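Fit chains B and C to the given chain A structure using the hints.
Residue numbers (our numbering), protein chains in the order written: chain A, 98 to 520; chain B, 98 to 520; chain C, 98 to 520.
Check the hints yourself; a few may be wrong.
All copies of an identical chain are treated as equivalent in the list; a pair is satisfied when it fits inside any one copy or across any two copies.
[Unchecked claim] Here are the simulated lysine to any residue pairs, SDA-like style, with alpha carbons at most 20 Å apart:
#1 LYS280 - THR243
#2 LYS218 - VAL487
#3 LYS218 - PRO490
#4 LYS218 - GLY489
#5 LYS388 - PRO310
The hints are simulated quantities; they were obtained by calculation from the structure and are not laboratory data.
From a predicted model like this one, the values you see are computed outputs, not experimental measurements.
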Amino acid sequence: MKQATPAAVDVAEFVARRSVGQSLEAPFYVSQEFFDLDIEAVFARHWLFVATDAELPEPGDYVTVAIGPYSIIVVRDDNEDVRAFHNVCRHRGARILGEERGTVGNIVCGYHQWTYGVDGKLLHAPSQAPDFAPSCFSLRSVHARTVAGLVYICLSQTPPEDFDEVAAQAEPYLAPHNLAKAKVAAQIDLVENGNWKLTMENNRECYHCGGHPELLCAYFPTYGYGEQNLPAVLRPTYERYLQADAAVRLTYDSLGLPYTLVEELDTRTTGFRIQREPLDGAGESYTSDGKAACKRLLADFPTARLGRLAFHTQPNAWFHLMADHAITFSAIPLGPDRTLVRTTWLVHADAVEGIDYDLDTLTKVWAATNEQDALFVARAQQGVSSPAYVPGPYAPSEEDVEAFANWYVTRLRAYLSDTERQR
Amino acid sequence: MKQATPAAVDVAEFVARRSVGQSLEAPFYVSQEFFDLDIEAVFARHWLFVATDAELPEPGDYVTVAIGPYSIIVVRDDNEDVRAFHNVCRHRGARILGEERGTVGNIVCGYHQWTYGVDGKLLHAPSQAPDFAPSCFSLRSVHARTVAGLVYICLSQTPPEDFDEVAAQAEPYLAPHNLAKAKVAAQIDLVENGNWKLTMENNRECYHCGGHPELLCAYFPTYGYGEQNLPAVLRPTYERYLQADAAVRLTYDSLGLPYTLVEELDTRTTGFRIQREPLDGAGESYTSDGKAACKRLLADFPTARLGRLAFHTQPNAWFHLMADHAITFSAIPLGPDRTLVRTTWLVHADAVEGIDYDLDTLTKVWAATNEQDALFVARAQQGVSSPAYVPGPYAPSEEDVEAFANWYVTRLRAYLSDTERQR
Amino acid sequence: MKQATPAAVDVAEFVARRSVGQSLEAPFYVSQEFFDLDIEAVFARHWLFVATDAELPEPGDYVTVAIGPYSIIVVRDDNEDVRAFHNVCRHRGARILGEERGTVGNIVCGYHQWTYGVDGKLLHAPSQAPDFAPSCFSLRSVHARTVAGLVYICLSQTPPEDFDEVAAQAEPYLAPHNLAKAKVAAQIDLVENGNWKLTMENNRECYHCGGHPELLCAYFPTYGYGEQNLPAVLRPTYERYLQADAAVRLTYDSLGLPYTLVEELDTRTTGFRIQREPLDGAGESYTSDGKAACKRLLADFPTARLGRLAFHTQPNAWFHLMADHAITFSAIPLGPDRTLVRTTWLVHADAVEGIDYDLDTLTKVWAATNEQDALFVARAQQGVSSPAYVPGPYAPSEEDVEAFANWYVTRLRAYLSDTERQR
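Extracted from the complex, chain A is given alone in its bound form (with noise of 0.2 Å):
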């Protein structure tokens, strides 16, 4: 009586019978089932990018960090190394820092005192028996490791091998940018009424850009678009995209800096693309008239009018990253129907606010396209959700929304073949 009781959702069959070219059936966006299952193959077993390292500045500096049940500990320590821990005392499992970020000597549990070093080894838990071995109660370790001052964690105990090559890959383009002397300007958390691979889904594609006026004063709508299937109303935008491309790229070439898209989305474990952009209006930052929205200069570029950096990584991560400003986004899955966007932006540590740059002007662009977004994604969870919904397809400018879902089912197929080889 298979619609009548609410039965587990068989995941293995719909990851198995996924149709490339069109949205996933309903399961994979609001059953519980797929949410545990996204947490556990997805988020728990992939590098997942979780702080800059201008969040932890110095020695004891920590943010904590939640994905999923997991509360995680990212601190720098002592050798100003970024390290992290399940948020978990190793006594009775009390949550140990309570904060979202702040600084400590040692990490303390408020519960009965248990008292571990920034290297997350036990220094004290007052009154034990004689034969207690503090060394056998250190936290628990989480993989954690930087590239050009964006901090990744995997809770996986054997994280995917391939994210060294990646960072080869990502740092010439990062590096310039100097995020590692940057300093948090502003971070605003959305929470979205969808399920996370909407908000992704919904991040890859500028089909909806129309719904972006904000957005549209810098950014070219193009995205997604080429020759063969522009349509008509983008043509002069195309055409100015294009000479705006050229120019762009002659600077970054006189700088010796790469200028060539990699795009290596669903054939790699840690999926990520990387594409420097120019942008409208005045080229040179996400704001109401193109220019930029800090004096001061983050990256090491002669000149502000050098568009974008986008940066992505599988699953959940994106950045855009300007002479002027960089900003970062992560899309957290909190439920089926509830994803936290979190959007950082960060700008160079000596820039002073009220005189290097305005915070309203700073965020508006991005804080207005986010809220805009968040309705969009709530439509397409309120819609899913209807036994009614079928998978549509994909437009040929959803190309990196399909790659998207390609990276997660293929994510997905390996997870279950590894845990059914286990079993």
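Okay, now just chains B and C, sitting in the frame of chain A:
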């Protein structure tokens, strides 16, 4: 270890062993399994009242209707027919129309501008590949029809065929009330904290009418009682009822209008009941003194003193039609323990608020009665949620509650039998 | 594919493999399955403290008690005995009494006026068929009894038989405190965001007492410590404790009252512990200086300087009885991660607020301590919800936590064994 784990409720077993003459076992009211079964077997397979013609006077006027996980657009098309479609874009499934009501030229999805006619056909999808066939992507249609101004839809592809017979029996009663010439004077949505079946059981008996002081100004609380089970306290009321009934019957006879009760509550797929009854006090309408609430009569009647027409269609709608105004009610399941009760007051389209009718006077009796019923339903839900609850006996005057339960269980059996066959 | 689907937790396996000496595995604290099992196997099968005689002074006085999905009426009958009934009408199951406390002549269901005596018998059900037998529709009864003014109920039809033995051991300790002559001075309900077992574990140890500054004004934080595991920092406090203990013991001996610790926490079905202990400071009561909070003593004692009587009954109640007042505590599971802690302060019925006692002084220590414990419990719940949580070792001073866990797991094993046999 049956009590210890939240084992899936075996709905088939509970349906099979249901005892007549008493309330249903707890899982019918409290479990997610029966909620899902009710949506699928009852709400998605039967004709449901969802609106009145008065809510869709012109082509392009629409309402959106939420039935469990479904969202449906009910719209008047360019031929002035009422049509219904799933409110799900055929592209990536977004909810198309987000408002409860409005007017459209075409049905346009705000996400990527896919544009459908009010006949459901896809008129335009931007930037598609050359082989894209718009005709394959019409909105998925839902059966819709009207009966004397009442709009019904059925989500099943094979709706119950006996609705024509019901309509034919009901229309002679309903037609003089001119619902198609009405306008909506007021609409109140009330969320009751109980299962939809408790809402219906509450509605189907007057054994609890002592709890409705406002209602009793106009309503004879003798519903369900006859000579054989009349309590002494109701004797004077009953005598008054008999006199009023005889008088009203004469008037209807002189008008050539049918007066006889037709009751097929649990003897057909589209169970229904239609009955004319006198009202108390002035005998005209549901007001504090029984006088008409609207000077401009809605019905084609020479006098307002014509009591009420009571119409009920399984599973979830009931109607009171008086000479001066009409009221429609529907109960929509929101969850195992939450139900939306929508009440709509209709007056003649030409009646003027403040002159012909006063909104407070018009709505007072049923707004108050609904609030009282909401408390009864909440208490019933609380009580049946206790493991100590055991079904108890329906009183003789609760015969229509029993008929509701009979119809409901019969329909579940039919569904379970059909799905069993299909396996 | 075990991690991927929200497979039902196999409670029997977790119960069977529980390791002594360390905290429980995560599903005990976070799963719906264990929550349901705890209600059924622990709360519905054991004696539960639910009120004091002081809350039901006169015939017809009642309180309603919520235990998981159950609602129970506890009422003093016309013989001045305490009785308990399920708060579910025998007609269609409505919750009968909606208030937390009150006074009734009869117990009348407000839905259809079914009327029961305070002995549970159905006195009147309106308009029934001639063959209706009221005697078949008494309220379903619940076992109830009092111990020295403490009201206990048991939802099982076959309550644990050893409660008489427990009562016989506890009454000599409790009786001088005159709880039956008390009145309620204050009652505070606090919802803790954690599993009820984390509430109990928190309550059963003083390893965390450094987090309770108000409490330490009156309470010796040496609970759980002895010569063999005393930390150096507690040495001066412990010496003071030993002196105070000797002095108080002498007084009790001179009064002919028992002082010896009786501890049967995990060695019987109705596990309990009763102990007299000195208090710190003035040694009289739980106040900022240890002095009595109420001039009018509640206990039959010649002096207030008599410390506290600590009484605990598994699974969820504990009591502090001083010369001047008494405090009762109970922890009621509301969900896997929510627990109601009800604290009631009792003073002599003749004590006058503002003259004999000040409410803030009376409640300050434990109101503050409860709030602090709520934060500890919430952190424990957050931590054990992480998949990275592994059970950790109880410290030597947490021996009563271990005893609680032992009792709990033993009771689950008894239940699972019984239900296994019944299949």
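Each hint tested on the structure:
1. LYS280 - THR243: Intra 16 Å, inter 64 Å, cutoff 20 Å: intra-copy only.
2. LYS218 - VAL487: Between copies only: 16 Å across chains, 52 Å inside a chain, cut-off 20 Å.
3. LYS218 - PRO490: This pair counts as between: shortest inter-copy Cα distance 17 Å, intra-copy 53 Å.
4. LYS218 - GLY489: Classified as between; 15 Å across copies, 52 Å inside a copy.
5. LYS388 - PRO310: Intra 17 Å, inter 57 Å, cutoff 20 Å: intra-copy only.
Checked against the numbered hints above, the structure breaks none of them.
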